[in-house]
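Novice: Residue numbers (the numbering used here), protein chains in the order written: chain A, 18 to 177; chain B, 9 to 682.
Just so you know, the hints here were simulated from the structure itself, not pulled from any lab data. Hints should not be assumed to be uniformly reliable.
Claimed, not checked - Among chain B residues calculated to face chain A with C-beta under 8 Å, some are:
id, residue
1, Arg107
2, Ala119
3, Val391
Note that the Cβ used here is the ideal one computed from N, Cα and C, for glycine as well.
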Amino acid sequence: MSEQFEPVIVGFLCNWCSYRAADLAGTSRVQYAPNMRIIRLMCSGRLDPQFVMKALKEGADGVMIAGCHPGECHYVEGNIKTLRRFILLRTVLRQMGIEDERVQLVWASASEGIILARAVDKMTEELRALGPLRWKENVLGGNGHGPGVGIEAEMAYEEV
Amino acid sequence: MSEKVGVYVCHCGTNIAKVVDVEEVSTWAGELENVEVARNYKFMCSSLGQDLIEEDIKEKGLTRVVVAACSPHMHEKTFRSACERAGLNPFLCEMTNTREHNAWTTKDGVAATKKAKALVNAAVKRVLEQEPLEEIPVEINENTLVVGGGIAGISAALELANSGRHVILVEREPSIGGHMAQLDKTFPTLDCSACILTPRMVEVGQHDNITLLTYSEVEKVDGYLGNFVVNVRKKARYVDEEHCTGCGICIEKCPFSVVDDVFEAGLGKRKVIYRPFPQAVPKYPVIDTENCVYFQRGKCKACQIFCPTNPNSIDFEQEDEMLQFEVGNIIVATGYDLFDVSRIPHYGYGRLANVFTSLEFERMVNASGPTDGKIVLRDMESVPESVAIIHCVGSRDENYHEYCSKVCCMYSLKFAHLIHERVPDAEVYNCYIDMRTPGKGYEEFYRRLLDEGTHFIRGKVADITDAARYKEEEGKIIVQVEDTLIGRQRRLPVDMVILSPAMEAKPDSKEITQLFKMGCDFDGFFIERHPKLDPVATMTEGVFIAGACQGPKDVPDTVAQGAAAAARVSGLINLGTVMVEPVRASVNQEICSGCRICNNLCPYNAIIFHEEREVSEVITALCQGCGTCVAACPSAAINGAHFTNNQIMHQIEGILWDVGNGNGRVVEPEVVPA
Chain A
18 MSEQFEPVIV GFLCNWCSYR AADLAGTSRV QYAPNMRIIR LMCSGRLDPQ FVMKALKEGA
78 DGVMIAGCHP GECHYVEGNI KTLRRFILLR TVLRQMGIED ERVQLVWASA SEGIILARAV
138 DKMTEELRAL GPLRWKENVL GGNGHGPGVG IEAEMAYEEV
Chain B
9 MSEKVGVYVC HCGTNIAKVV DVEEVSTWAG ELENVEVARN YKFMCSSLGQ DLIEEDIKEK
69 GLTRVVVAAC SPHMHEKTFR SACERAGLNP FLCEMTNTRE HNAWTTKDGV AATKKAKALV
129 NAAVKRVLEQ EPLEEIPVEI NENTLVVGGG IAGISAALEL ANSGRHVILV EREPSIGGHM
189 AQLDKTFPTL DCSACILTPR MVEVGQHDNI TLLTYSEVEK VDGYLGNFVV NVRKKARYVD
249 EEHCTGCGIC IEKCPFSVVD DVFEAGLGKR KVIYRPFPQA VPKYPVIDTE NCVYFQRGKC
309 KACQIFCPTN PNSIDFEQED EMLQFEVGNI IVATGYDLFD VSRIPHYGYG RLANVFTSLE
369 FERMVNASGP TDGKIVLRDM ESVPESVAII HCVGSRDENY HEYCSKVCCM YSLKFAHLIH
429 ERVPDAEVYN CYIDMRTPGK GYEEFYRRLL DEGTHFIRGK VADITDAARY KEEEGKIIVQ
489 VEDTLIGRQR RLPVDMVILS PAMEAKPDSK EITQLFKMGC DFDGFFIERH PKLDPVATMT
549 EGVFIAGACQ GPKDVPDTVA QGAAAAARVS GLINLGTVMV EPVRASVNQE ICSGCRICNN
609 LCPYNAIIFH EEREVSEVIT ALCQGCGTCV AACPSAAING AHFTNNQIMH QIEGILWDVG
669 NGNGRVVEPE VVPA
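Here chain B stands alone, though its shape is the one from the complex (with noise of 0.2 Å):
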């Protein structure tokens, strides 16, 4: 083997060098068998450092390239590319993690150069054992799939419809508009929030490039990149798209209700055939089966008797459509639910009648809620005199959710608001921890609720009860708090309390995560590519999230994220076609014993048996690369490129230089420096 290995150990400042002694790495790894040259330098990434790489591969025709810095997944791609400049094939270059895995985690400095060495001598071994290798070209279809149409799903649709692409919307209520269609002012311009999501939703509703499905469900998803084929559900209404007018009759001749537990968070009721709201896109109705007094017994039929269209748009024989589509790309915008507050039961919501969550509050002061957007007791009568808006229900808090929801404290203000503008004499008090207001117009917003007269408790509520202990406490809801500002317990004897919970996952989002191919974290949020640098994009490969269901984010941030996600996947439709690794398995039909073992591990299919010549086949464009097939395979013919059995295996010895020939240990007293 007459192979030039070039090692390259990287101080990264102080960061490695404070730790791990890097003169002394990089001049052991000089006398590594095959090392041509071994350099240290204090920033391998710069400009300066990546020239030192491609310097030396020129002057002194270095074939491989070993890179001791930080992790592959900040600059692999940094280092590949400098190879490549100088006219080397990027993947015979090896980066191994003396920073994130080493440094970054020990102060023992003898031990992390050690390790350090053991790291540099596996990447040298492996590198040695390195192909050469093309990167692969995959089509972008040019169709796009967005899943929720909540105000996140509907930016990122109207985005790239405008930019003149095909867009898929499904969405799995009757109607889009998501949470944001049921809350009644938005914080901090108290803009009314229908009037600014109406013009969107009708925008989508009648764009010549999004496709609408509402009432629908996404069921599988296969492919990868570019060419996902996704099969969608398209419940049955029992309503005909195609004649129906929207004009209502059906609606209104019903005559049977029931409680409204989705939109009007049961506050309110609707009837059987319905819109979950007048402004509903699309205007079709759709029949509730379960209480549907035709389908459970036979009877009525009062809205296909009186609807007008000929002909008749109620069709009960109406069943689910499958659809599959071909797209690009993916868009995931599922959403939020709010915290079950009945899960603090000593707040008393379910069993005090006139403890109410927040989106029950919504909808009673929304004009064209159930109540006119009159604040009201249970009774529906009764104005209430005193308010408390308790924060934090659920969030900040280690036995619910630790995080923080960010919008709760905006949108009690906006409550207390609200309620001061509708019940001019009412004592409102806002239970708090903190307040948080960080974004625009927000404080400011905070100061005008002060000017208002609101009283402010700095403290977590302990109970909410009806036991009275006063006179005047009867009749009355009693909170109590403790208020740390005077360092003293209170009981407020209100009429009305508001809780505020935390905006939490969906609970399927463990499904919609398997569906997709993506992850979740602990809380059910869906994990982006980084936190900080890629917030819409997730770990898979054309698969893009946006909005709440990344994490609790109030109505600009969530936009600006749909907005995002669409510029991405305009992007990669834009390029046409994109290059991917091609760290991909092969079967080298020779060895291939025709067992057929591998042909049901992968999960992508991407394995055919040929029954001719009973030899199995990998389709390089549906391969992902995962090696299982590689690993199971009992003749050790599959070969997975760039993580061939021969290059781990040399690894292995390489990391366990100081200890290697199983001759077994000799434990050495570590010799500690004066």
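Here chain A stands alone, though its shape is the one from the complex (with noise of 0.2 Å):
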């Protein structure tokens, strides 16, 4: 019995390119890490970042955003207002002390699965290395005895 830490990454990955190109990692039997559960946008350009901000509040130690080479965006140019705004929740999770390994950017076309793979390969180990999140503590600074007595993220999406 190991006690090995399996860090869970939450993958936001565009339908047209980073989607196919898990889709071509497992027809092709490349063997990676099981650690990314894949949830499929139509664009990358359609992360809000408070899918981010969720995901890593619900549990999650790292979320992976993929989507299509600059230039190659179905949508023609979504994946750059993801770049616009994967940099500024970058400054943002940095001010609350999560590291750069847990939330990353990744560009892979459709024939690219091997590269997707290794992408997810290496950011598990990187988190297997920083260890689990835990939000409630470390983020939001409770006392460390169950739910944290800290200040809740207000989320605009309860709305909707």
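Make one complex out of these two single chains by using the hints.
Specialist: Below, the structure is given as structure tokens:
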């Protein structure tokens, strides 16, 4: 019985490139870490930074955002918007003390199954070394004995 | 909430079941809130599997369906149709990928089963938030744009035009015909290339249903399937097409010649006012303004002086014309270029005079080429006594292109044959890695060459040099190659070397993909929708590809693809109206604060602003459903149908079922089954 920490990564993959890359990795039987659980979006541009925060809050140790290479977005430039949001998001995450390795942006075109697989392997190892995120204790600063008394970020999505 | 969810976990034979404990997953799923029934079955996509779903919907009154199986790119349509047949809105069905994204990527059964549960849970939570949606009808414009006038574009255009559809064919060069027009004989039949191509070219030129725009380029493409608006720049030829009779006197009288880098591959010359080749379609010449004495220095005008038509057909004031068309579909058939052999310096091209590329040799053996079909050295006189033909230049090579360029073995054999035919006493050496002759009649062609006395040396050429080591090598080009079949290094002293370079994507293929909103791979070839089952469609609806721009191929395959793309387009036009997915955005105008952040984000300009009410609105017909505006709205006023914030948030919660509640994770020791 081994007590190895298995990080849980939530992956937001765009329907056209990165999701198909993951499909190709599977079809080609590329073996890689099973730690990423994938959520499909039509475009990486659909990614609301609040999704990332929600995933981390709900217990994910890391989030991978994957989209088409710049210039190849199925919807022309959605991935550029993702890039802009990601840069801003990273600033916010750093202020909250969340390490850079926990939220990563990866470009993978539909024929790059192997690249995506290796990115997942790499991220898994990086997170394994960092350890679990422990949102309530480490990020919100609770007392560690259960639901922390901290400042809960208000999520605008609750309205929709 | 009194929804009833049916969960179906597919074994996919042993594909999923070998790794994921499907029984365990379906039993576990059955215990989830709102799940009415959970089953596992060997092949959910089979009729029996689909029947399971349909019967459960009817008998158990299911209101939502989750199928954990392969990728939705495989079977989303299958399961949506099953639901529809049973009376359930197809958008209340959600697939989750436990095969490509799970079972096929790991041998760890425990981890895979846990992941499968997470994916199923996520899908259940998501599907509960999904809304019924109706597909949207889109009208298809009957006209088609074909980009590229090589054999692929010509085939596609003729197929469509002959079936009564109107085609706009845009070609960058002054004439259609592409690279095939440069060839002499085509393998394996040794048909004369021009003889089989020119009738097609003429048919295109004369066809009532084809608007032929040569010396033109597509500059802008807007719109979507069925409704593209295309802007084309028709470059100025400085020849008036209305009055020119194609007599060619202007070409005869033009006093200046330049090296023809394009059609003659640098081996021959052309006049400054020129037709690329005698059988050019259309027949109108073009003035090369960079080399024209009139345009550079205001002198000469010989072409205008001698032009016999009245009014004069030479028009120095002509300007580029901007044209706009509305089309329903686009077929991109922009072709290939050859690998630049000077990238391999040790093959001596450019340094050693008598090293030729395949295209130069094609022009040389062509009866209407710069040497009238005679095989001669660079001095245009001496006949070579020995020729080496080098296969795989720039292909099957880690340093340049890893792929096999498919046609080079065949055309190298063709060259060997032509040399035997015209210089019967010459020694011909083909240096190859493998002999690839898969097509109809190709292997038989190779046998013929073996009988003709060609020397075949299996080895990749290491060096081509004129540094002689022995007396016999003086004045010759030495090809150094390991003959792997006899296990010895050989130095072949020859008079002429022909390099067979790989077919490459055109250098501006990246720009072309951006223009037509499609993708290209690392090598620059355009990406097809599915490598096996859909070689002519792209990821963008309404944009198709055909020919060598998709990957190296020979003429029969190119023609087949051109026809295939035309058939697809014809099918869409026949339907008249196509139903497309309702994954669109819409603005809730009551919440919209009129900040207009979304307005400029839309790549399709689908968002308008109402000044009076100060709210934005998404034009459904133009929206392609990317969701960028949904993510950007600070008021969360834009609803992205089928990918709402609500649905995705629940999906996230579901996917983290085993680590949820943000309490930090307890690392549990994994129980390894005995």
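Novice: Each of the hints needs a verdict: does it hold here or not?
Specialist: Okay, the hints, checked on the actual structure:
1. Arg107: 7 Å, holds
2. Ala119: Holds, about 4 Å.
3. Val391: With Cβ-Cβ at 47 Å, over 8 Å, it is violated.
Violated hint: 3 only; the structure is consistent with all others.
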